[in-house]
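Protein chains: 2
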Amino acid sequence: MSKEITSRSEDYAQWYIDIVKKAKLAENSAVRGCMVIRPYGFAIWENMRDQLDRMFKETGHVNAYFPLFIPKSFLSKEAEHVEGFAKECAVVTHHRLMNDPNGSGVVVDPSAKLEEELIIRPTSETIIWNTYRDWIKSYRDLPLLINQWANVVRWEMRTRLFLRTAEFLWQEGHTAHATKEEAIEETIKMQGVYAQFAEEYMAMPVVKGVKSANERFAGAEETYTIEALMQDGKALQSGTSHFLGQNFAKAFDVKFLNKENKEELVWATSWGLSTRMMGALIMTHSDDQGLVIPPKLAPVQVVIVPIPKPNPEINEVAEKIVAELKAKGIRVDIDMDEKKRPGFKFAEHEMRGVPVRLGIGKRDLANGVVEVARRDTKEKSSQPLEGIADHIEGLLDDIQNNLYNKALKYREEHTSSVDTFDEFKEVLENKGGFISAHWDGTTETELKIKELTKATIRCIPNDVEMEEGKCILTGNPSKCRVLFAKAY
Amino acid sequence: MSKEITSRSEDYAQWYIDIVKKAKLAENSAVRGCMVIRPYGFAIWENMRDQLDRMFKETGHVNAYFPLFIPKSFLSKEAEHVEGFAKECAVVTHHRLMNDPNGSGVVVDPSAKLEEELIIRPTSETIIWNTYRDWIKSYRDLPLLINQWANVVRWEMRTRLFLRTAEFLWQEGHTAHATKEEAIEETIKMQGVYAQFAEEYMAMPVVKGVKSANERFAGAEETYTIEALMQDGKALQSGTSHFLGQNFAKAFDVKFLNKENKEELVWATSWGLSTRMMGALIMTHSDDQGLVIPPKLAPVQVVIVPIPKPNPEINEVAEKIVAELKAKGIRVDIDMDEKKRPGFKFAEHEMRGVPVRLGIGKRDLANGVVEVARRDTKEKSSQPLEGIADHIEGLLDDIQNNLYNKALKYREEHTSSVDTFDEFKEVLENKGGFISAHWDGTTETELKIKELTKATIRCIPNDVEMEEGKCILTGNPSKCRVLFAKAY
Chain A
1 MSKEITSRSE DYAQWYIDIV KKAKLAENSA VRGCMVIRPY GFAIWENMRD QLDRMFKETG
61 HVNAYFPLFI PKSFLSKEAE HVEGFAKECA VVTHHRLMND PNGSGVVVDP SAKLEEELII
121 RPTSETIIWN TYRDWIKSYR DLPLLINQWA NVVRWEMRTR LFLRTAEFLW QEGHTAHATK
181 EEAIEETIKM QGVYAQFAEE YMAMPVVKGV KSANERFAGA EETYTIEALM QDGKALQSGT
241 SHFLGQNFAK AFDVKFLNKE NKEELVWATS WGLSTRMMGA LIMTHSDDQG LVIPPKLAPV
301 QVVIVPIPKP NPEINEVAEK IVAELKAKGI RVDIDMDEKK RPGFKFAEHE MRGVPVRLGI
361 GKRDLANGVV EVARRDTKEK SSQPLEGIAD HIEGLLDDIQ NNLYNKALKY REEHTSSVDT
421 FDEFKEVLEN KGGFISAHWD GTTETELKIK ELTKATIRCI PNDVEMEEGK CILTGNPSKC
481 RVLFAKAY
Chain B
1 MSKEITSRSE DYAQWYIDIV KKAKLAENSA VRGCMVIRPY GFAIWENMRD QLDRMFKETG
61 HVNAYFPLFI PKSFLSKEAE HVEGFAKECA VVTHHRLMND PNGSGVVVDP SAKLEEELII
121 RPTSETIIWN TYRDWIKSYR DLPLLINQWA NVVRWEMRTR LFLRTAEFLW QEGHTAHATK
181 EEAIEETIKM QGVYAQFAEE YMAMPVVKGV KSANERFAGA EETYTIEALM QDGKALQSGT
241 SHFLGQNFAK AFDVKFLNKE NKEELVWATS WGLSTRMMGA LIMTHSDDQG LVIPPKLAPV
301 QVVIVPIPKP NPEINEVAEK IVAELKAKGI RVDIDMDEKK RPGFKFAEHE MRGVPVRLGI
361 GKRDLANGVV EVARRDTKEK SSQPLEGIAD HIEGLLDDIQ NNLYNKALKY REEHTSSVDT
421 FDEFKEVLEN KGGFISAHWD GTTETELKIK ELTKATIRCI PNDVEMEEGK CILTGNPSKC
481 RVLFAKAY
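Those protein sequences? They're chains A and B, same order as listed.
Going by our numbering, the first residue of the first sequence is number 1, and it counts up by one from there.
Going by our numbering, the first residue of the second sequence is number 1, and it counts up by one from there.
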């Protein structure tokens with residue numbers, strides 16, 4: 001089965017697609033750029049979503065739901081926002097079909113043209129701030145801490161499953177605050193929530209930082225990001241949190257009476273994380289045998305394979321182990337298929353990235369042991385049946401930690417510090433990864449570097465040290481190093 | 001506060017809208033027919049969704065996600081389906097906006113016209129069965145038991161919050177089976193899941209039955225329904241489960257090799273339940289003081305109000321009660337607002353339908369008691385602090401049961417059996433509710449009755465008794481009574 005996957009060294013992009021398809025995570029649909037998220041892929045997304053949702057609620061947020069449609073005129077109200085989002089989007093112009101007078105099938109009814117076109121939301125700031133105008137009257141209505149789980153559409157020209165699709169699923173938080181300080185604090189807090197989620201649950205180390213002006217969200221005053229490094233040395237932006245200043249409050253006239261009974265504009269943040277994270281998860285851990293998923297997000301954490309096939313004696317032991325594991329909250333399955341050989345099943349569960357596989361054969365049982373195989377290192381060991389549930393519980397933690405440490409080691413090995421443009425190009429070409437270098441702070445230089453090398457500024461790290469230096473391209477003075485990389 | 005609500009007797013429709021708005025459940029948006037579901041309303045929907053999702057998973061279903069867009073040509077592939085769904089829908093015709101050459105703002109870019117228009121899914125049978133064609137090859141791929149939580153759009157002309165909106169949230173199950181028998185079994189099983197959910201969680205009694213041919217889902221061979229009765233004597237269709245025969249398999253060429261290695265068409269079901277259920281929940285239990293929600297679905301089950309306002313001594317007791325209730329899994333809040341008077345808070349929590357309110361005053365504490373008020377009957381009692389958590393746990397069960405029994409009693413009192421058309425009209429006019437009557441089985445008669453009285457056949461109950469009779473309208477022979485009502 002693993003034969004069917006292209007290796008990373010051979011063709012990284014094809015390897016990614018092979019995994020997404022062979023592990024049955026997602027596939028292209030009949031609609032250009034839109035994917036079908038298959039049950040196994042969706043189960044992983046559900047685990048991600050549920051964990052994020054818990055973290056949002058623990059930090060005081062509530063969920064709500066706003067319309068799919070945005071009136072065209074709303075998009076124009078915030079000048080930068082319209083530049084960023086009004087360009088490639090799905091436009092609803094009519095509300096009725098009719099039987100084709102010239103034949104079979106249906107055609108758009110020309111008499112059902114909308115007075116104002118509706119845009120499928122590419123992001124919801126505009127419709128939400130238009131609503132907040134009625135909800136916010138006084139400082140007592142603030143802060144407003146609302147999140148939405150939704151589908152959004154951006155008409156991307158080149159799409160890749162999970163990483164860039166015309167329709168994708170995400171959450172978008174939209175908060176409103178009485179002061180600038182509080183809004184900035186919220187923005188940074190949510191960047192922290194994303195980083196914690198990425199590191200603790202996805203086992204994916206991230207760099208926290210702020211975007212350069214050029215890479216900012218359209219309409220934001222500052223964009224905070226978490227950036228991860230994939231196994232091909234390219235960076236992936238993994239979640240962004242925006243301080244929107246008073247831009248949307250101005251555009252939609254959202255004011256409140258402060259404690260002194262004076263009218264002020266409201267301060268805003270927005271933050272989003274999408275099904276793109278599925279792509280990050282896949283690319284951070286998987287190998288040439290297929291998907292590797294951290295135990296905390298795996299739909300099935302342990303699979304039991306009766307060897308050579310199910311029989312009453314083995315099944316009884318398997319059921320007992322299942323009960324013990326379930327009592328610990330571990331997600332476990334028995335592979336009861338009678339027709340497939342163990343070797344085939346092993347390859348299948350490897351492909352799906354199940355973190356732990358237990359093999360139970362008659363001879364093992366006679367010896368009071370089972371075979372335990374871990375997906376991450378592919379190590380196998382014989383473990384006593386007695387206490388097997390405790391062993392597995394510990395093993396799942398080990399695997400989670402090992403995946404994180406392995407990814408962290410990879411990132412550390414692929415983070416370089418350079419001082420000249422030649423060095424910069426050399427590292428980018430031969431090694432990839434993050435490159436820490438001085439930049440003169442201008443968009444012009446940033447774009448020139450991108451044009452010459454395809455590398456972009458991923459972020460100015462939150463914990464960057466102030467250090468006098470010279471821009472690698474222009475030689476102009478620089479106050480700190482920033483992180484460059486080629487990116488998805 | 002309750003003064004702001006119109007009473008049911010005065011204007012039932014306005015009473016409903018008042019509750020939806022004053023309890024902050026939902027509101028109309030800037031987009032015609034689309035609602036904003038506010039955080040409190042969404043929290044109730046989340047509880048409904050999470051419980052249904054558990055029930056779907058317990059019955060072997062998994063979630064997946066299919067595209068928002070349906071190519072126009074897909075809708076035409078199933079003849080009846082297109083008649084039912086292609087008429088009022090949102091049509092995407094373009095994929096780009098551009099700056100208006102004649103002024104400010106943006107306009108549709110005429111050069112970005114789609115080759116084939118895309119319809120926002122009104123329901124997903126077509127795109128899903130087009131996908132199933134690739135997933136189903138052999139009997140070993142069946143059954144396929146998939147559910148999707150999604151937003152859908154039907155361009156309704158007259159909309160009402162939750163009950164009928166252009167965009168709504170729902171789940172749609174789409175299953176594929178090797179045999180007709182198994183598909184019918186699935187259809188009935190899911191009708192049962194809906195009924196169990198309605199009765200056990202929503203505390204809303206329902207009649208299970210099948211729809212007449214005229215009221216069937218477009219493309220179904222049989223539609224199973226659950227029908228509830230609202231407080232104004234009108235019925236509300238609350239969840240439908242469709243046996244689709246091989247219609248979609250034919251339309252999308254979905255075939256499988258059976259055990260004898262012969263090709264057969266696949267059998268299908270689909271079943272859906274939507275945010276419309278929020279409307280049903282509100283109308284089944286609420287009263288002239290506001291929302292009433294059954295404890296199992298209430299975002300906040302118990303609210304503690306310090307009297308006259310928070311102080312350290314009272315707060316300490318309140319925190320202790322909160323800890324005890326949380327330990328029992330009860331959702332509880334303390335109202336710590338210092339500025340509102342108790343009377344105002346009481347009215348507010350009544351409006352929001354919080355099932356149990358605890359008042360804690362200094363005098364109560366001195367006596368070792370708290371005041372317990374239940375939302376459903378508005379009874380108040382003094383209860384010893386000792387064992388208060390156990391008392392409340394029992395009380396929440398009592399309230400859940402009481403709401404169900406009250407609704408059941410209402411329905412029983414408003415279910416009439418009539419034998420003549422005069423009687424039929426008289427009951428419909430003066431009493432409302434379900435009317436059990438003979439019908440000759442023809443669509444013609446059904447439509448005539450609807451035209452004359454606005455009543456429709458809600459269903460032929462699953463447990464109907466065969467009984468010779470005469471149609472109330474035509475006098476033609478009838479084999480059983482069916483259930484009529486005016487409906488939402």
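Quick caveat, the hints were computed from the structure, so don't treat them as lab data.
Keep in mind that the hints are not guaranteed to be accurate.
[Stated by the list, open to error] Result set (DSSO-like, lysine-lysine): computed pairs, CA atoms no more than 27 Å apart in a straight line:
#: 1; chain 1: B; residue 1: K22; chain 2: A; residue 2: K137
#: 2; chain 1: B; residue 1: K113; chain 2: B; residue 2: K189
#: 3; chain 1: B; residue 1: K180; chain 2: A; residue 2: K339
#: 4; chain 1: B; residue 1: K378; chain 2: A; residue 2: K345
For each hint, the structure was consulted:
1. B:K22 with A:K137: holds, 16 Å
2. B:K113 with B:K189: Judged against 27 Å, a Cα distance of about 45 Å means the pair is violated.
3. B:K180 with A:K339: With a Cα-Cα distance of about 26 Å, the restraint between B:K180 and A:K339 holds, given a limit of 27 Å.
4. B:K378 with A:K345: violated, 61 Å
Checked against the numbered hints above, the structure breaks hints 2, 4 and satisfies the rest.
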